[in-house]
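Protein sequences appear in the order of chains A and B. Number 383 in our numbering belongs to position 383 of the first sequence; there are no gaps in the numbering. Number 68 in our numbering belongs to position 68 of the second sequence; there are no gaps in the numbering.
Label-pair distances were calculated between CB atoms; the ranges are:
| hint | chain 1 | residue 1 | chain 2 | residue 2 | range |
| --- | --- | --- | --- | --- | --- |
| 1 | B | Y113 | A | S51 | 25 to 35 Å |
| 2 | A | E172 | B | Y89 | 54 to 64 Å |
| 3 | A | R264 | B | K60 | 54 to 64 Å |
| 4 | A | L74 | B | Y89 | 42 to 52 Å |
| 5 | A | L74 | B | S69 | 24 to 34 Å |
| 6 | A | V54 | B | A8 | 23 to 33 Å |
Keep in mind the hints are simulated off the structure, nothing from the lab. Cβ atoms here follow ideal geometry from the backbone N, Cα and C, with glycine treated the same way.
Listed below, chain by chain, are the residues.
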Amino acid sequence: MALSKVRSLALLGLVGHIVDVEVDISDGLPGYTLLGLPDAALSESRERVRSALVNSGLPWPNKKVTISLSPAWLPKSGSHFDLPIALGLLAAQGVISSEFPESLITMGELGLDGTLRFVRGVLPTLISALNFGATSAIVPTENFQEASAVPGLQIRSFTYLSEVVHFFQSGEVPMQEHVQPADSPTHTLDLTDVVGQIAARRALEISAIGGHHLLLIGPPGTGKTMLAERIPTILPALTAQESLEVSAIHSVAGTLTSRGVLTRIPPFVAPHHTTTTTAMVGGGSHAVKPGAVSLAHAGVLFIDEAPECANGVLDSLRQPLESGSVTISRAVGTVTYPASFLLVLAANPCPCGKFNGRGRACTCSSLQIRNYLKKLSGPLLDRIDIRAFVEAPTRVEMAAAAAGESSEFVKRRVNDAREIAAARFKDERWRINSQIPSSELRARYKAERDGMTLLHNELDSERLSARGFHKVLRVAWSIADAAGHSRPTKNDVEQAIVMREGTFL
Amino acid sequence: MRNQTLGAAGEDAVFHYLQSRGYTVLDRNWRIKAGELDLVAISPEKKITFIEVKSRSSRKFGDPLEAISAQKAHRLQKLALAWLVVHGYWGSDYHIDCAGVIFTNEGRYEIDYRKGVL
Numbered sequence: 001m002a003l004s005k006v007r008s009l010a011l012l013g014l015v016g017h018i019v020d021v022e023v024d025i026s027d028g029l030p031g032y033t034l035l036g037l038p039d040a041a042l043s044e045s046r047e048r049v050r051s052a053l054v055n056s057g058l059p060w061p062n063k064k065v066t067i068s069l070s071p072a073w074l075p076k077s078g079s080h081f082d083l084p085i086a087l088g089l090l091a092a093q094g095v096i097s098s099e100f101p102e103s104l105i106t107m108g109e110l111g112l113d114g115t116l117r118f119v120r121g122v123l124p125t126l127i128s129a130l131n132f133g134a135t136s137a138i139v140p141t142e143n144f145q146e147a148s149a150v151p152g153l154q155i156r157s158f159t160y161l162s163e164v165v166h167f168f169q170s171g172e173v174p175m176q177e178h179v180q181p182a183d184s185p186t187h188t189l190d191l192t193d194v195v196g197q198i199a200a201r202r203a204l205e206i207s208a209i210g211g212h213h214l215l216l217i218g219p220p221g222t223g224k225t226m227l228a229e230r231i232p233t234i235l236p237a238l239t240a241q242e243s244l245e246v247s248a249i250h251s252v253a254g255t256l257t258s259r260g261v262l263t264r265i266p267p268f269v270a271p272h273h274t275t276t277t278t279a280m281v282g283g284g285s286h287a288v289k290p291g292a293v294s295l296a297h298a299g300v301l302f303i304d305e306a307p308e309c310a311n312g313v314l315d316s317l318r319q320p321l322e323s324g325s326v327t328i329s330r331a332v333g334t335v336t337y338p339a340s341f342l343l344v345l346a347a348n349p350c351p352c353g354k355f356n357g358r359g360r361a362c363t364c365s366s367l368q369i370r371n372y373l374k375k376l377s378g379p380l381l382d383r384i385d386i387r388a389f390v391e392a393p394t395r396v397e398m399a400a401a402a403a404g405e406s407s408e409f410v411k412r413r414v415n416d417a418r419e420i421a422a423a424r425f426k427d428e429r430w431r432i433n434s435q436i437p438s439s440e441l442r443a444r445y446k447a448e449r450d451g452m453t454l455l456h457n458e459l460d461s462e463r464l465s466a467r468g469f470h471k472v473l474r475v476a477w478s479i480a481d482a483a484g485h486s487r488p489t490k491n492d493v494e495q496a497i498v499m500r501e502g503t504f505l
Numbered sequence: 001m002r003n004q005t006l007g008a009a010g011e012d013a014v015f016h017y018l019q020s021r022g023y024t025v026l027d028r029n030w031r032i033k034a035g036e037l038d039l040v041a042i043s044p045e046k047k048i049t050f051i052e053v054k055s056r057s058s059r060k061f062g063d064p065l066e067a068i069s070a071q072k073a074h075r076l077q078k079l080a081l082a083w084l085v086v087h088g089y090w091g092s093d094y095h096i097d098c099a100g101v102i103f104t105n106e107g108r109y110e111i112d113y114r115k116g117v118l
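Turn these sequences into a full structure, and let the hints steer you where they fit.
Printed below as a string of structure tokens:
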């Protein structure tokens, strides 16, 4: 029978759906029909598959070919269906057996010369495949490392289509020299590079301890970007689960190779301030791609020159900031990506950037200065826990022989403080201070009595919003953890208020 | 072989092929303004059959039958109906078959005959 069925998956967000590639070859004029809502890249598969078969010395049927990607209602995108289509065509022609086990998943793009090429999204696809009872998978060699990160799946990787065909005919797997996974990339940056900045360093450390969002304000060239880039070096390493999540997101975005599979280093994503809302939160019409907020999941999202961002871009961060995930609806479906990140904004103090100290060098009018930071909307600023003013280092600091503390040193303190928090939260749903729910803050995670009095006064005098009240308390917990206090003292709360307000604003 | 003689040789080949399989050929190269029908025959099952012949001297430029585009198939349908009307068979059942002929060296050829393709 000139009919065959090969199993693959279509990815919608990070969730894979089983897709059966059915190939039927019937008599009639030569023709090729691809059914099942393919996108442009998938429709082009005809030409790639044809050339790949012919150039691999394999037969192309000069008959009426009908290919159905089932379920028909699910929109499908991407070039990874090339391999299952080619195998289906060969099986329908009797070149290989048409008995494909349903537990075998195949994916890969075909080059015109019959090579198997790298495809995106292999990691989340295969994780989903496990849930559907898959036991083995065939992937391009370039995806081997990524695919073998999925536990409990037998991975076979091939470089050429002809090798895959040979495997189906004889069961032989070609000898492969698998590139040994390169050692996890290490940090090249270090906090020792930063001169002075005692207050900003402190803000970074507290931010890293509790996962508190941060706003850095300072004139150009004082080291805002330098500081922000070094935050991942003091954050604790990702857990295995986080690392898998982050790798899955980067696999879909196609940035996994440069990042490294299952890297434990928290991601650092710095979109330019001209970025669009779609690039920030994710989107796209055919395949809903993860945006910067998801690429920064479990890491740092740094936006330099934040007030220069287009209207709406910064405010689009509000929902993921609250929920830790982002849900995008498009014609192809609704997709949810994780987006739990540490937000770091950087801004100049005024349009000319020279408002510093008493502001003598600044050429801006007072109105300009007020309007400038107004572009950061109130609701967004309310979600920022820590504001730090970054000033130009003094001559004394520049000349100081002693380098600042190293990232390793600071990270050890951060880890210690996080361990204290983790021990305190061992029976809770959350792990870090920034995630303590408001109700719990008021009930079980209060500061000491005089600290609470101070907070209530701030609330009464409307210097703090209700959200601000809770945020200050969360930061106070991080300060307490850093100082080894079992509960935030009045002093810890005071520090937290100062950090929230920013000494400058 | 020149293209015209190639086409004629192909049609001859298919003519003999049909006769050897019990077809009665009614018409050859029936031409009107809208185009030409290569062969019209009565099949052994007594059905009127229109046959489009495509000839090639090698497979280098693809299968001969790939040259039949959707547009060409549509024209064949119209020509077939025209033939039925002109010859007083309007309303009879009919088939359209295609034959691809590939000439190898020294006058040998292969015929790829496909029934009822349109």
